[in-house]
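Undergrad: In case you want the letters, here they are:
There are 2 protein chains.
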Amino acid sequence: MTLQDVLIEGRWQPSRQPVDTFVAVNPRTTMPLSQRFPVSSDDEVRRAVAAASEGASALASSDGTRLASFLERVAGNLEARASALVEAAALETGLPAAPRLRDVELPRTTGQLRQAADAARRRTWQRIVIDTQANLRTRLEPLGPVVVFGPNNFPFAFNAATGGDFAAAIAAGNPVIAKAHPSHPETTRLLAQAVFDAVVAEGLPPATFQMLYHMREETGLALVAHPAIGASAFTGGKPAGLKLKAAADAAGKPIYLELSSINPVFILPGALEERGEAIAGELAGSCTLGVGQFCTNPGLSVVVADEAADRFAAALGQHLTTAGVGVLFGEAVLRNLDTSVRTLVDAGAQLSVGGQVRRENAFSYDNTLLIVPAKRFLERSESLQTEAFGPVHLHVVADDEAQLLGVASALEGNLTGSVYSASDETDDALYERVAALLRPRVGRLLNDKMPTGVAVSPAMHHGGPHPSTGHPGFTSVGLPAAMDRFVARRCYDGVRSHRLPPELRDDYAGTPLWRSIDGVLKLGT
Amino acid sequence: MTLQDVLIEGRWQPSRQPVDTFVAVNPRTTMPLSQRFPVSSDDEVRRAVAAASEGASALASSDGTRLASFLERVAGNLEARASALVEAAALETGLPAAPRLRDVELPRTTGQLRQAADAARRRTWQRIVIDTQANLRTRLEPLGPVVVFGPNNFPFAFNAATGGDFAAAIAAGNPVIAKAHPSHPETTRLLAQAVFDAVVAEGLPPATFQMLYHMREETGLALVAHPAIGASAFTGGKPAGLKLKAAADAAGKPIYLELSSINPVFILPGALEERGEAIAGELAGSCTLGVGQFCTNPGLSVVVADEAADRFAAALGQHLTTAGVGVLFGEAVLRNLDTSVRTLVDAGAQLSVGGQVRRENAFSYDNTLLIVPAKRFLERSESLQTEAFGPVHLHVVADDEAQLLGVASALEGNLTGSVYSASDETDDALYERVAALLRPRVGRLLNDKMPTGVAVSPAMHHGGPHPSTGHPGFTSVGLPAAMDRFVARRCYDGVRSHRLPPELRDDYAGTPLWRSIDGVLKLGT
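First to last, the sequence lines map onto chains A and B.
Heads up: the first sequence begins at 990 in this note's numbering, then just goes up one per residue.
Heads up: the second sequence begins at 990 in this note's numbering, then just goes up one per residue.
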């Protein structure tokens, strides 16, 4: 079986002395797929870093319109190769080719790339501030090579090769070293081809984009701490993410993490009374969307006990029982999910629905509902906030409003928090108290909505307090804000005019851009 | 001797069971000053955190104009109490009452406070983005209690109680816990009175501002990692700063550091030939300004050997020999400075001028010039980048341009980097190569200027790559950008209009503010 080439130093080439090799597995059959991929050595990773570092300054000085053309060409390439991409991703992830991969995720990915192109062209992200009296000129500039570690759950839209982190890093003018998720290497290889073909076609520095399939943990730790790296972005599990964070932090290198989130949903008494059964259906749908393998999957709901709450729990269990059972991304996901369910049960949650690995020739787990009294939740709030990555939901029942508020106070940092309330003002007083507790604990606060929809909009925020991410000020979705992760603030003090970047000159005459000049922010030349 | 009260929980109160007490020392006499101050216990620090946490949400929802009035009142209080403040600071720091403290640093401090007030009123820092179609509304909001650790070198302008970090944190709506620098506790006490009197007069939550004089190292480490803290800011020495960083990082808490910087100055051959002696005078003046105790003190200069370079070094030595010898902040500064000089000498630098502790009844050190060949610098570049905090300068002499570029490549992250070049285009080719290497290594790139002037301007940047700070994207000077350190990004998704903060509503009708609505950025209501 031949070993697939890696993409480093501006060309596809055989991996040199790989430390190991691996194959992906079809989660619908549990059988290995046919291609074999290398696990790169320390030396191979170092060569990628050297090449990225060498190309960084040429890329940094590239015109925004050139980066924009490149990103648009990547989007076009993805569309032109959609069939092969969807086929590979469906095989490696078990996700349905349609509608999910072809009709939802691929358009989302190309949409992100085009929004990034637009941001690269507008250059608002530079946040130029000029003081003509003091001859001080400050803006945000590319930081240097960005390493992207992609997750398992969005083979296109968060892929290290074409996802949001890639798009944001490139739009700001940084080379990218993509580290594939080893559960979908062939998908990533095809995406990397689409990207690299665009690099060549646009004549960008060849090491603008490099891709490796896999590396040992210690190699990754050294990579994020490498002096020539600008920053890293990681989306994935907490244990691996926190190790990378420790390594990057010790080296003083920025790293942006999206780690785990249980996305609490509070359903207030008036809402339960008014439309509890409809909300139960909505919650079950959101829990099982993508087989529960979304970072915004609602893993926890909280209600106050009453008759409506009883009906709600019964309906939720019923929906989860009758919903189709999906296929998980792989054996590790399945094993971790089962371990998480055991942790929740050991901490006092009662299994109401499901709770078992399915005995089938696929990586599959019951849709699962666990129930716990709020009193118990508050006693074991750390264990009972264990993320169960998959179609597993923990329902918390409070004796009264005070206990419900206690649950809100005990929550760790999350990406999202939802509150359902009666359509009139019945729940408003309680809403205010719940929202005041949730607001500092979540990145996105929702009303009467499940958190699984993450619109690609400049007004979206996909981030939140630790441990859901590594820093509460940044987002991985929403442009140009997502680019803030991959820039450095730089000032030109008394620098002679002809040496300044064009955008910072008094006589700038290019396409209009936003600049704050002597305290006045305006769009102009 | 009575022990001075701490300011916690909304009132001045005796320190409860302090773990120790201390006095400040007059650096001009080396004699202890008369007041005695407590070293706060873990419990006292925890009480301050609890009080800050309790007041945080009321403060966060304060109107920007209210925060602005408060900041302006603080500025007014400082001006009204200028004589007492200047007298205390002169006694504790040895800095001249005039012009430095009264005519330069105090106006700088009140100017910063008024700029912060202006930023609080304008609210541009919130960077509001609204998508009306998706009903998504995102902005930056206060993060929660901010701990500020003040440095020794700007008793007013960077004081934890009234300096730039305080002003930026408050303007964004965060309570501040100020940790005084123990070398000037009485100055900090007087400043804290001025601040707290303004808290009371403006009717802000009483724990908006708290102040402690000192705490044990382990107490500080627990403080920056405390779950109820939003973020910390530290300006000071690298060993203490890196310990705090490790503690905060491990807890997932943002911390912003300004650690150390040697601020390299490259003087290109044409400039040396044209005006070398004038530059030598300028450099000596910058090196000895504030007795060399500025974070932007130029600690390193680089030239290519030739006759003009010889004349330059001679003139620099002459200026440093004849310049007045100042008084350092304290014994620790003096001891560290002497240790740094020994480190530089051990690594191969030759003492050209000075190099000794002065035998006087004051903490004083010779103005010192060390010289090292670039070849040696490159062999021992880590040791030879040791910061010597005081009037000590290392002059690096390269054999040729390639060696000079080698020195630029070997530099760690710095706050600033200066390049002097001929007034015509003689040096332009070399300038381009030096600037390309310096640009990613420094926060502020200067032409024909020494780095010690840090204008308080929105276009200023006072930050840089690690190890000069903890993150290259942030600044501690320049508003509103400095506020970015103390905010969290937060999104409202489908939140009912009457529950939104007024600034995010479609029918917002307050004073005009900048909002990006459906892709259009405009100033309006």
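There could be a bad hint or two in this list.
Copies of one chain are not kept apart here, so a pair can be met inside one copy or by any two copies together.
As the list claims (entries may be wrong) - Using 25 angstroms as the maximum straight-line C-alpha spacing, the simulated DMTMM-like pairs for lysine to aspartate or glutamate come out as follows: (1) Lys-1438 <-> Asp-1092; (2) Lys-1511 <-> Glu-1320; (3) Lys-1438 <-> Asp-1120; (4) Lys-1232 <-> Glu-1371; (5) Lys-1438 <-> Asp-994; (6) Lys-1438 <-> Glu-1414; (7) Lys-1438 <-> Asp-1052; (8) Lys-1227 <-> Asp-1417.
Bear in mind the hints are in silico, worked out from the structure with no lab data behind them.
Undergrad: Now, for every hint given, state plainly whether the structure supports it.
TA: Cross-check of the supplied hints:
Proximity of Lys-1438 to Asp-1092 under the C-alpha cut-off of 25 angstroms is restricted to the intra-copy arrangement: shortest distance 23 angstroms within a copy versus 58 angstroms between copies. In this homomeric assembly, Lys-1511 and Glu-1320 never come within 25 angstroms of each other (Cα to Cα): the closest approach is 54 angstroms inside a single copy and 51 angstroms across copies. Within a single copy, Lys-1438 and Asp-1120 get their C-alpha atoms only as close as 45 angstroms, which misses the 25 angstroms cut-off; across copies the closest is 16 angstroms, which meets it. Proximity of Lys-1232 and Glu-1371 under a CA criterion of 25 angstroms is satisfied intra-copy only: 20 angstroms inside one chain copy versus 27 angstroms between copies.
In this assembly of identical chains, the alpha carbons of Lys-1438 and Asp-994 never lie at most 25 angstroms apart, being 45 angstroms within a copy and 51 angstroms across copies at closest. Proximity of Lys-1438 to Glu-1414 under the C-alpha cut-off of 25 angstroms is restricted to the intra-copy arrangement: shortest distance 17 angstroms within a copy versus 63 angstroms between copies. With identical chains, the CA atoms of Lys-1438 and Asp-1052 are never at most 25 angstroms apart, being 41 angstroms at best within one copy and 29 angstroms at best between copies. Proximity of Lys-1227 and Asp-1417 under a CA criterion of 25 angstroms is satisfied in neither setting, with 36 angstroms inside one chain copy and 50 angstroms between copies.
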